[in-house]
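Asks: Chains as they are written, first to last, in the working numbering: chain C, 1 to 552; chain D, 553 to 735.
Think of the hints as simulated: they come from the structure by calculation, not from any bench. For each residue, glycine too, the CB sits at the ideal point set by N, CA and C. Do not take every clue at face value.
As the list claims (entries may be wrong) - Now the in silico label distances, taken between C-beta atoms and shown as ranges:
(1) 593/D <-> 261/C: 51 to 61 angstroms
(2) 275/C <-> 590/D: 42 to 52 angstroms
(3) 652/D <-> 80/C: 58 to 68 angstroms
(4) 466/C <-> 596/D: 20 to 30 angstroms
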Amino acid sequence: MSGATFRPSELVDFLVIGAGAAGGVMAKELSTAGFRVVVLEQGPYLTEKDYKHDEIRYTYQPGLTNDPKVQPITYRKNDSEQAKPLKVIEYGRQVGGGSVHFTANYWRFHESDFEERSQFGEVPGADLADWPIKYADLEPYYTKAEYDLGISGLAGANPFEAPRSKPYPLPPMPVKSSGVLFDRGAKKLGLHPYPAPMAILSQPYQGRAACVHCGFCEYFGCEMRAKSSTLVSVIPIAEKTGRCETRPNSYVRKIEIDAHGRATGAIYFDANRREIFQRAKAVVLCANGAETARLLLLSKSKRFPQGLANSSGLVGTHLMWDSGGLAMGLFEHPLNEHKGIQVTRVLHDYYRADPKRGFYGGAGIDARFNYYPANFALTGLPPDAPKWGAEYKKMLSQYFTHTMSVLAHTSSLPQLGNSVSLDPELKDAWGLPAMRVTFDFHSDDVATMQWALTKQVEILEAAGAKKTWTAGITLKDMLPSVHLMGTCRMGNDPKQSVVDRNNRAHDVPNLVIADGSSFVTAARQQPTATIQALAYRAADYAIQAAKRGELG
Amino acid sequence: MQSTRRLWLSQCVGIAALADIAAAQQHAHDAVRLSTPPPFQTLDLATAAEIDAIASQIMPSTDGPGAHEAGVVYFIDRALSTFDADLRENYRTGMAMVQQKRTEMFPGSASIAALANDQQIQLMHAIEATEFFDLLRTHTLYGFLGNPSYGGNRERVGWKLIGFEDRMAYQPPFGYYDAQENK
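Bound conformation, chain D alone (with noise of 0.2 angstroms):
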């Protein structure tokens, strides 16, 4: 199929073209190589940086891997691309009020993710109570201590927090009290 595929190509394409498609799967092949994060699919990266701001004020890389380490970003990113494409415009209108908000609060600052950090805390606390704050806390804690395979939970690290493991089986005692009681 491969060989086939090729031929095709260059059937269809000049030469021009073709090193196009050199050069592209030499990106690409980089791309493995340097671990770079996959493209978005929905997201547009300036809204993806800010949302990454945020997530990381819910769960911030404080004593360890937060919302930025564990891709959390990737996840949602997901999320509005397949099961929550419905909640795409919750997130555009969403993410007009918290940047209105920070206008206000902070006239002049260039986005949420250039804050300083307790400036970042007090738009928190000025959103913490609206409906989209919610859904950005929902996806966040999903993104970050759900399954891996979504696209967040990286290395697992929301788990490994929490002191949850993934395994098919357990034998007990499965905690101290019932060690205790089975001694």
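In isolation and in its complexed conformation, chain C is listed as follows (with noise of 0.2 angstroms):
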């Protein structure tokens, strides 16, 4: 926790509102290229020694993530529904964000997920539309940000994978025993799995200890820095420039403007709830798919009456959901599923939507165990298994290290009526309005969901499990949400989104949006690797821009 220190007074170039995958990135690159930046965090700035190996806290408590109790958040399926409190949005609250905690999966989108509406056609209900970018614009962001952050992976195992201009800086992570079984499974089926790109190091890197398969990634922090969060990559590289201060538990309630509709600044919450305001520049806002949208439709302004940002009245809306249907087989063997990373194997041959199946959709599906011990008693065993008592008991001495999981992660339509809105009553800790939710699935994102999990049982039975089953696809079993996308979509009509096609605001010319909130399309999920690619992109068009002068 080095770096520079402004004082709030202070005109600094950029003010980077979220420290998290994308924020990370942009403090990264805009003090490398000279810029003076100040990151405002609303969590807390913690590191390794902070981390333990203790799932009360993380998976029972909000120990990384959004803390309903301070910050609440209420959900609805449709407007004419009244919204009641449910945490069903969750993203990571400190400084690395959700990078600190995710599961490390780090796919690249295909060149089809930037085109889907050409290639595709139109989806009743449903907002499909093509990108204003094609892979070939993000390709060599996609890269960079592999090479900056340390990516595991093999380069051409995929033969759907999209173009690439160099392999992965590290070989693949170790297999485990759930991603043996599922080759054996998929390769009998006749499909093409692969080891699993992760943001995770298989060798030491720049510096980081490699992996030492303690088996604690998803919901946790990583003890060794082998997880390639941007707390531990790019952010010390940022604060290394002495032009960069990142500043935690520093909550965001509006961004300002001038009379010129120019971003000045931001107001903030201290740790001791002092509001403060920050100059700057340019703000770059990379709050995540869910905040970003809270937080521009708080900055209300005469100019801007319906929030910042929004003379589209598209901010917030086009919210697209972290889907997809779990299966879960049992084996003779022990696989020991809890040692090691989460995921090693996956496969990509359902990732394409087909108009052929009668519905939108296609599915990235990977081979993981993402529980640990008191979530995999809570949830680990089949519906019809007993939930107490002596078989229960029994069974759970079986099945936790005889058990792994074959997930799918699918496409979810983006619809105008899914939005990030303001709570008309529930107000935070803070006395802000509190972030309401209003989501339903589209019929095929439903259809998609059925249509991948009959496949997932499909390779567990040819892997040779004794039992299969499945979770259920309701929106209840996926929560909460964790992949925040598209509620500040890009495109090139000012009237039919939000940023442009280098992530800036059509209505504020010094306001840079970068996160999760541009996704025009949800692809196959596992977003990170796009969003930080967004944002290498997003910050060198700013770089420009500002030398140009047009920022400031």
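If you follow the hints, you should be able to join the two separate chains into one complex; please do so.
Replies: Here's what the structure looks like:
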């Protein structure tokens, strides 16, 4: 936690809001380009010394995520319902954001993901659209992200992969039993499993040690600094420039504008709930796919009565969900899946949407085990198993070491009515309107999940599972959503989108918005690589614009 | 510091009180020696015994240690005293509901803990669809399988049952199938 220290009255070049997957990248790119940067992060500044193998703290309590006790979220299925408090959305809330506690899956999108509207056609009831950029526009930035952060994988192993200019910087992680079984089952079915690309170091990289396979990745912070979060990779580089200050416990409530409609900085609450205004020539909003929209909606002014950068009325709309069903399999011999990272094999055979199926959608499928002792006991057994008593106890003793999952990551259609908005009644602990989420699946989303589940079970059976079962695919089964996408969609038409093709707000020339909110479509989930590639690209354009004097 | 504190004590209290303190010290010493469980912070002893009985039906002591041996009730007391303090009311009303159910089903019975095993199982079936049972089950499982530093999972009995080791590092192979593949 070194770096520069700026006074709030100092006019810095860039004010970055959110120090997560995107904000960390922005901090590094902008500060190493010579600009003075303040990064405001609502959560604390933790390090690997603060993390523990403690399930009670991280799967039961929100140790690294938003806490609904202080930041309540309300949910309703549609706008005719009264929204009720429910933690439907979860995000990382510390320096490093979700890149600290995520599973570390690091998939690039496919070329087709950027032009599905053209390729697939219209989907009734949804706003499927092409992105204003193509895969080729983003490719150099995917590569940059993989090398800056440290990604392990095997280039060319996925026959459906989009072209890449360079291989992964690190070889893939060692395969687990779930990966071996997935390989066997999938190959028997003529499919193409490949080593999972992961933001986890398989070998020492840039001064960080390799993973020691402790198994505590998803939901946890890495005690070894082997998970390639922005906290351990790019943020230290930003701070080393002496031009970047990371300011934790700083909860922004409003982005301010001047009489010309240009952003001038932001007002935030510090750790003591004092209001502070930080001045800046330009503002970069990276608060995640849900909080970014909420902050714009909170930033009302005479000029922007429906929220900042919201002349289109689209801020908050087209929220997409972390969709996909779960299949489980029990095997004869011990897998000991609690050892090692969660995911070691993936397949993209079912990725592309195909009109012949009769619905829009596709799935990326992985072999995994993201259970720890207590959450396995709570939800890991088959639905027909007893929930308590001697037989339940006996099953736990057999299943924990012998079970694996096959999880689908499925498309989620962008719909106008699915949104993040401000709750008209409920307030958070700072007195700000709570986040209200309105969401319901499109019928094609459900059809895709059902269809993918049959494929998942097929793989487990082909792998020789003694028993298979599936979890439900209602919204209740998919809470909370952790892939936050689509609430400030990117586009060329200011009436149909919030940011332009270079992530600048159509309405505010010196406001850059770069995180999951820019996503036009959800691809097949696993958005982190694309969030970060977009951030690298947006930083490049912001640097050029700043050098031309356009930003301040 | 120690001597200062003793001095302060002797100035503030009378001779009789000093004798009481000596007795208390002896008691504390015995408590440690006998490894008496720590006192409860939130639960009263009677309620703790009832919760222990329910937790012991969720994770019974058949074929090895269960919720009782793991000290689940101490975890629950810790939870209700700290991060789940806002759930105390749920426990108060929830336990009242269970007790009412018990007296309906087994008139004249003294407590849940005093019921015969098969009666306890009948009572569990009668409440297993309630929200309070979900809460008790969640707490029991976190107490049985969570980090022992919270007062449960004593001697790591929960982890031993399911085959979980809590180590900071492993080397592949991790399981039977990857070992087979890398032979």
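Asks: Determine which of the earlier numbered hints do not hold for this structure and return their numbers in increasing order.
Replies: 3, 4
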